[in-house]
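Student: With the hints as your guide, set chain B with the ligand onto chain A.
For the protein sequence lines, the chains are A and B, in the order given. Residue numbers for the first sequence, in UniProt numbering: 1 to 165. Residue numbers for the second sequence, in UniProt numbering: 1 to 93.
For the record, the hints were derived by calculation from the structure and aren't laboratory data. Beta carbons are placed, not taken as given, at the ideal position from N, Cα and C, and that holds for glycine. Hints should not be assumed to be uniformly reliable.
[Claimed, not checked] With a straight-line Cα cutoff of 25 Å, these simulated DSS-like cross-link-like pairs (lysine-lysine) come out:
hint : chain 1 : residue 1 : chain 2 : residue 2
1    : A       : K62       : B       : K84
2    : A       : K113      : B       : K62
3    : B       : K84       : A       : K108
4    : B       : K89       : B       : K62
[Said to hold, decoys possible] A short, non-exhaustive set of chain B residues, derived as facing chain A with CB atoms under 8 Å:
hint : residue
5    : N3
6    : W25
7    : K34
8    : V45
9    : F92
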Amino acid sequence: MIDQERINEYLKTLQADAENGGYLLNPDREFLEDLAQGLLENTDRYGYQACPCRLANGNMEKDLDIICPCDYRDEDLNDYGACYCALYVNESIANGEQEPEAIPDRRKEVLAKKSDPIKKGAAVSKTAFPVWRCKVCGYLCARKNPPERCPICKAQKERFEEFVF
Amino acid sequence: MANIQHVEGQDKGKVLIYTLSTCSWCKKTKRLLKDLKVAYDYIDVDLEDMEEQDRLELIIMKFNPRASFPTIVINDTESINGYKPREIKERFK
Ligand code: SF4
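Bound conformation, chain A alone (with noise of 0.2 Å):
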């Protein structure tokens, strides 16, 4: 179990960061302190906050994808107003004029597409520096390597792909 307090601190620097990067959190406060422990117990299990709604595998190589915030976060929210988990909300949610729905995760589908060899790197660019996608948050960069951490987002390096025109 992960004390209150603990909980609530977490959940005031999400507060935070939601709000900086333009996010808005699901407003019912018993499920927002659901999410936050299931957060924090992944991070004390994981040593990542690995998505509270996934089995993450504890490989963090595996779970690159789902450490929240996942990958599929912005579309989620744009097909469905919110993320899998409903931690992320769209403004109708956040203000109470709709009730978050459970909607199906895209997680399979999209790893599936991925590893499909035609798709996969058939194409390649000829610019003189390749350029890096945050998946995260779409923030695009030109440079040898992706950067240690988004500068928008803060997510770590290895969360960003290279961005093929």
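Tutor: Showing chain B with the ligand alone in chain A's frame:
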């Protein structure tokens, strides 16, 4: 063998929920079934060892190909995938 937990309530057939101990939707599902006074069993899959997790995932996928949580399996034949309060209330009324 998986560590199966039992929650007392009225017998509405065999109800087994595959859950994650960390997941909010799973917590909501457990609370709802408790409120509806339905007897059920659950397995927190994330607390099992790797081998057991793999075995359980294959079972879950028979009912729910996305292998998402919670998956409520009823009488070993049907399932409700995800926290779907309307469907759950309807099924156990
Ligand atoms: S953004 Fe939402 S769905 Fe993604 S890891 Fe975080 S809590 Fe889970």
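Student: All the hints need checking, so say for each whether the structure fits it.
Tutor: Here is how each hint holds up against the structure:
1. Distance check on the hinted pair: K62 of chain A and K84 of chain B sit about 29 Å apart at the alpha-carbon level, beyond 25 Å; violated.
2. Distance restraint check for K113 of chain A and K62 of chain B: the Cα-Cα separation of roughly 22 Å lies within the 25 Å cut-off, and the hinted pair is therefore satisfied.
3. Taking the CA atoms of K84 of chain B and K108 of chain A, the gap is near 21 Å; set against the 25 Å cutoff, the hint holds.
4. For the suggested pair K89 of chain B and K62 of chain B, the alpha carbons sit about 23 Å apart, so the restraint of at most 25 Å is met.
5. Against a cut-off of 8 Å between C-beta atoms, the interface hint on N3 of chain B is violated, since the closest Cβ of chain A lies about 16 Å away.
6. With its C-beta approaching chain A no nearer than about 6 Å, W25 of chain B sits inside the 8 Å limit, and its interface hint holds.
7. At about 15 Å, the closest approach between the beta carbon of K34 of chain B and any beta carbon in chain A exceeds 8 Å, and the interface hint on this residue is violated.
8. The beta carbon of V45 of chain B is positioned within 8 Å of a beta carbon in chain A (closest approach about 6 Å), and the interface hint is therefore held.
9. With its C-beta approaching chain A no nearer than about 17 Å, F92 of chain B sits outside the 8 Å limit, and its interface hint is violated.
Checked against the numbered hints listed earlier, the structure breaks hints 1, 5, 7 and 9; every other hint is satisfied.
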